[in-house]
Amino acid sequence: MWNTIAAEWVKLNNSSVWIWVILGGLGVSLTRLVLYAIGPEAYTLLAQNPWESYLNMNLTYFSLLIFPLVILAVISIVNNQEHRIDSWKVILTLPNPRWELLGSKLLTILILLATIFLLFVISTILFAYPIYWIHPETEFAYFQPLFFEFASDCVKVFGYSLGIVGLQFFFSIAFKNSTFPIILGIAFYLVGFLLFMALPNVAVNFPYSLPFLYKDIGISQSIDVNNFSGMGIRSCLVFACSVPISYMIFITRR
Amino acid sequence: MVEIRNLNFSYKRKQHTLRDLSLSIPAGSIFAFVGENGAGKSTTLKHIVGLIPELNHKIEVFGKSLRTHRKEIVQKVGVMIESPSFYPFLSGYDNLKIHCLYRKLPLERIEKVTRKVGLSEHLRKKYKAYSMGMKQQLGLALTLLADPDLYVLDEPMNGLDPTRRIAFRNLLLDLHKKGKTILLSSHHLPEVELIATDIGIIKNGSILFQGSMESLRSLKQKNQSLHMEVSDVGQTTSLLEKEFEILLANTKSGKLEIGIKDRENIPLIVQRLTANGIAIYKLNGNEKSLEELFMDSISTN
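First to last, the protein sequences are chains A and B. Under our numbering, the first residue of the first sequence carries the number 1, and numbering increases by one thereafter. Under our numbering, the first residue of the second sequence carries the number 1, and numbering increases by one thereafter.
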């Protein structure tokens, strides 16, 4: 299995997936670094721990605007490598079992997404220090970063996104191109966003809305996210169902 | 080496791609699989390499059912189906490295096989910069990577220039000498005629002819045409029609083209014509090429 995953990583050499990894991992924290550098007073509330609003807002932007779209791009790039050149006909003649071939693709995708998340977490925390050097009034150095709360929220966002990962993986296996899965993904993302804004009671059942609901961030209509238990389970269930269905389609491929 | 028994297959309902196809590929042979486009060549090859799963134990490779021993069989098969599929943004080396990793082979194999196919100088170039011939060579290097016992090559000579074609032919003959079995489909019949030891002709999903090249050659000797220039075409035609089994007789200003089923008839024809006072000015025997035989068999069936 590890050899098969290593083969997937070789395929990613010179691939545009690395642009997405860097953009996805650093996009929000870099933008926020610039914004803080320009006008920190707009973002800092005196007498409060500056880390709280800084970390929360970064994660909110990341879960709303970046991560769902990065999921679409990464899955599409990884699976479209085979669709584009029709290399399935070569891969499927290998002695490796089909579950291993599909599983290595899925694991590669999950490792890439986890890397993006890790880059986001590290850059978010590290970039607070340049902000402090430019604007000492932000007082980042005087407070402890809220590591555990931030880490727990990050794990929540990642878990709540697994439904999207499962569905997009299914689309990219079912349709032998990248265009249709991406169009479907963007359409569902927009629907998910609208539901999150207007109908949060419905949004809790829609996989593409779940990453937005990791916390009450005050954007949506007043909802108490704590009342909607089991969103993580729902997301994981969607993921757990999508993967075997993708495999069923994959084993019938000729 | 490969046995297929009464295989039926269709991609769509009511549209048979393979009909009751039976094929026997002897171990150590170079088996040429020829047929028109859409005859079912690639579909048959896809079955043999397990790309299309066959559930009724109708295919045996190395004496074992492909259905139950797929992994074991495929490990010993080198495959090139249709055009080679490689990742364009990767180098030739990286493309082969991927397959070394999949098959758990040492990376040293890459250097060895690319030297064999004459591609080692271009190994670090990106695949998208390769010429058509180099792409085919890389495809061939891929099939050699695992040093398999059976090679399944679909149109391997496409895009090769004459020099590379000769090198490729020598490589196949070299593999044949080492006892490897090669199954290749091709449209290039003169090339096939040079290297194949066995041949199978397929049309509309059914096998029309299957056997050794020797049996095909004896068939060729039986199916000859004669070009003659004689003094009296009318008399010659009526004489030949009466006394010999004429397959074809074309007459054009003193010239005749006749088809004969057995070469033993040639001296008899000459004898009968001269005995009847017909002068023979020119006599050319013409053996049918594989291409003509192929055309004959697909048109008569």
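Just so you know, these hints were derived from the structure itself, not from any lab. It cannot be assumed that every hint is accurate.
Stated by the list, open to error - Below, a list of computed lysine to aspartate or glutamate pairs in the EDC-like style, where the Cα atoms sit at most 16 Å apart:
hint	chain 1	residue 1	chain 2	residue 2
1	B	K125	B	D147
2	B	K135	A	D86
3	B	K128	B	D94
4	B	K71	B	E60
5	B	K203	B	D20
6	B	K71	A	E100
7	B	K76	B	D20
8	B	K104	A	D86
9	A	K176	A	E100
To be verified - So the derived list for chain A, only partly shown, Cβ under 8 Å to chain B, looks like this:
hint	residue
10	K11
11	T31
12	N80
13	H83
14	S87
15	V90
16	A114
17	T115
18	L118
19	H135
20	P136
21	A141
What you are looking at is a predicted structure, and each value in this text was computed from that prediction instead of being measured. Backbone N, C-alpha and C define an ideal beta-carbon position, used for all residues, glycine too.
Hints, one by one, checked against the model:
1. B:K125 to B:D147: violated, 24 Å
2. B:K135 to A:D86: holds, 15 Å
3. B:K128 to B:D94: holds, 13 Å
4. B:K71 to B:E60: Satisfied, since the Cα-Cα distance of roughly 13 Å is no more than 16 Å.
5. B:K203 to B:D20: holds, 12 Å
6. B:K71 to A:E100: holds, 13 Å
7. B:K76 to B:D20: violated, 27 Å
8. B:K104 to A:D86: violated, 23 Å
9. A:K176 to A:E100: With a Cα-Cα distance of about 20 Å, the restraint between K176 (chain A) and E100 (chain A) is violated, given a limit of 16 Å.
10. K11: holds, 6 Å
11. T31: violated, 29 Å
12. N80: Interface hint status for N80 (chain A): violated (11 Å vs cutoff 8 Å).
13. H83: Cβ of H83 (chain A) sits 11 Å from chain B, so the hint is violated.
14. S87: holds, 4 Å
15. V90: holds, 5 Å
16. A114: violated, 22 Å
17. T115: violated, 20 Å
18. L118: violated, 25 Å
19. H135: Since the shortest Cβ distance to chain B is 43 Å, the answer is violated.
20. P136: Hint on P136 (chain A): violated, closest Cβ of chain B at ~47 Å, above 8 Å.
21. A141: violated, 45 Å
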